[in-house]
Amino acid sequence: MVFGTGSSSTKSTKGVEEVGGNLSVLIVDDDPIILRIHRMMLNKFGLVTHVVENGKEAVDLFRSGSCFDMVLMDMEMPIMDGPKATQELRAMGVNSMIVGVTSRGLESEKQSFMGAGLNRCHEKPLTTDIVTSLVQELIKHY
Amino acid sequence: MLGLGEDRLRADMNRLLTLLFHQGVLDEQFLQLQQLQDETSPNFIFEVVNIYFNESEKLLRNLRDLLLDREFSDYQRMGVHLNQLIGSSSSIGAKRVSNVCVAFRAASEQNSRPGCLRALEVLEHEYCYLKNRLDEVFHVSKSSN
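Order-wise, the sequence lines are chains X and L. Be aware that the first sequence starts at 1297, since it is given in our numbering, and climbs by one per residue. Be aware that the second sequence starts at 304, since it is given in our numbering, and climbs by one per residue.
Bear in mind the hints are in silico, worked out from the structure with no lab data behind them. All clues given are correct.
Here chain X is said to cover these stretches of chain L; the calculated rule only asks that three of the stretch's residues, wherever they fall, bring their Cβ under 8 Å from a Cβ of chain X:
hint : segment
1    : 337-348
2    : 353-363
3    : 383-392
Each computed SDA-like pair below joins lysine to any residue, with the alpha-carbon atoms no more than 25 Å apart:
hint : chain 1 : residue 1 : chain 2 : residue 2
4    : X       : Lys1406   : L       : Gln413
5    : X       : Lys1406   : L       : Gly382
6    : L       : Lys445    : L       : Asn435
Small disclaimer: the values here were computed from a predicted structure and weren't measured. Heads up, the beta-carbon is just placed ideally off N, CA and C, and yes, glycines get one too.
Let the sequences and hints guide you as you build the complete structure.
Here it is in structure tokens:
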């Protein structure tokens, strides 16, 4: 259970595959811890990641012409929350895979977030298994 | 001689972590973070946990300030802080802190100030325990490197 400090820790976690290529993910979350962890998890798959801290920044990025294959969207954020940002992206015609991430465990709240236009919704924390399944779905899509 | 010392330190660190897992203070998510750490990010866990400590202390201060205000009634704002704490705690594997926050959130959803005050006390206790133990783990980890 020793912390990885070098080559002994470079062995892949179970199921992790190097995807590489041009797949990109926008991580939208106001929590710096979540941003750091999710970025690290996705980078392990060779995905290119970009981070923003609220829904408005995400919408502005797409509006300015940026494009991402997947968006990880937190539910509660200042300025513009996840449901609102998701609705705006879909109204703009964004077809990227949008995955909601929330601390709220109630099924009704997840369903409500899904109704904004998500492809999937997961409760925090995202585990390696969940990220693996998201990446597999992304690859299938492309 | 030095090797034996390092081995002992690593054994101490493993013992500390094992205890935290057995006590339910940490869960599998912490192991997932360990697996993400590699030579390109050799201090990943230390960095993430320190960000967690800094952010959590701000949130705890906010919660305390809200509750100690005699005019307090903004349970919704309290809920926002708690959601953030639940999300970040569960993402680093801080299971007991996360569970206490969920109970705290339930009290805030019932608009129960006494319930929230009790929950805050438990939360601060659990957080301090977690922080002290993890500080100990990182101290031993640094000594062994």
